[in-house]
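Visitor: Now for the letters of each chain:
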Amino acid sequence: AGVMVIDLERWRQRHASQLIAEWIAMNARRRLWLHGSQPPLLLLFHDEVVSLHWSWNVDGLGHRLNYPKNVQRAWIYNFYTFGRGRKLLCREEWNRTRACRDIAEESKYVSGLLITLKSFAQQLGPPRTQAFLAYSTPQYKLHSFETISGYRFVLTTDPSVPDQQECLREIYEIFVEHVIKNPLYQLGDELEHCPVFKTKLHSFLMTRPFFASPFQSVVA
Amino acid sequence: MAGVVSLFILNRNGSLIYSLETQGSSQLSSNDKIRLSSTFHGISAIAAQISPVKRSGGPFSFLQTTGIRTLDADTFRLQCFHTATGVKIFCVMLPPYVDADILLRQVYSHYSDYVLKNPFYELDMPIRCEPFEKEVQRSLSEFQGR
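Heads up: the sequence lines are chains A and B, in that order.
Under the UniProt record's numbering, the first residue of the first sequence carries the number 1, and numbering increases by one thereafter.
Under the UniProt record's numbering, the first residue of the second sequence carries the number 1, and numbering increases by one thereafter.
With the rest of the complex left out, here is chain A (with noise of 0.2 Å):
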């Protein structure tokens, strides 16, 4: 189960051992899962659980210099999101090598290249065509994912990362959750109300496997 950081006084407050005792007994009744610790770790913890930083992972505890590069680069750039009308709604960024100079001069780049976009790839292609998905250049690559209702949802990546529809998907569902469904948040605004978008994204695209290295848990 990869790297994890326990509370001791909370597991045995909430009897953790015992219970993933009773699971492994379970198991051995009736076979519920195949491999090794994580299943019953996961049945027991399932969504109280916080992603560590992926640099908790790096193997050699630090006394090794010689750890792979690509450890240290966490393949993802930027997330925004576009309302009604071209409007930034929300913009993210790490590990950007290239600073923007100018936000607004950005955003409307990009906005206008995705409506740009869908519109070239709906006469050039074949009749049924409905959306732009993604575009790579050898030195990044962007995927972006439109709602009906008029959303855009893009992630900047490294060209290597593989295609990310179901991540903005998710992406899309914790927007609902706490923005669209958020009484405070009038449509149209920028998401200053709605702090626990911003952490919810964040622990989500940690758990990603090309933003963060291999999968961490916390007890909560």
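It is worth saying that the hints were derived from the structure and are not from the lab.
Mixed in with the good hints there might be a few duds.
[To be verified] Output of the computed footprint for chain A on chain B, the stretches with three or more beta carbons under 8 Å from beta carbons of chain A:
{"hint": "1", "segment": "37-43"}
{"hint": "2", "segment": "52-60"}
{"hint": "3", "segment": "70-83"}
Beta carbons are placed, not taken as given, at the ideal position from N, Cα and C, and that holds for glycine.
Based on the hints, put chain B in the right spot on chain A.
Guide: Below, chain B alone, put in the same frame as chain A:
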């Protein structure tokens, strides 16, 4: 049979100088082809401008292209080969997708052999060289046949 359905070549300024479509393609009018391929030139330029990553240095970094290499939509894929001189050769493919890099490089090689070495060809003008068109057709059929 799916695979490559159309092929386009743009000159350094983004104007269409050659296009080829097979029966599987959406049969665009010549105006549409010109307009869409120039749109692609613009899209590729803007995509390079908004890059979040610095271009890696090194002795030959000026030869590194920055434009869009592949573009995915839900029903097709576009793959583009950028030459060091600014010419773009791109093709539209239907699923199942294959890597068309070999085909695009072959077309570039035919371009340098039959177009650029043609003494009557003016640079950046539309391509009207019969040997070039024959060779491209041949490369395309060979590629589809694999």
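Visitor: The structure should be examined with respect to each hint, and the outcome stated for every one.
Guide: Consistency of the hints with the structure:
no.	hint	verdict
1	37-43	holds (count 4)
2	52-60	holds (count 4)
3	70-83	holds (count 8)
Violation of the numbered hints given earlier is absent; every hint is satisfied by the structure.
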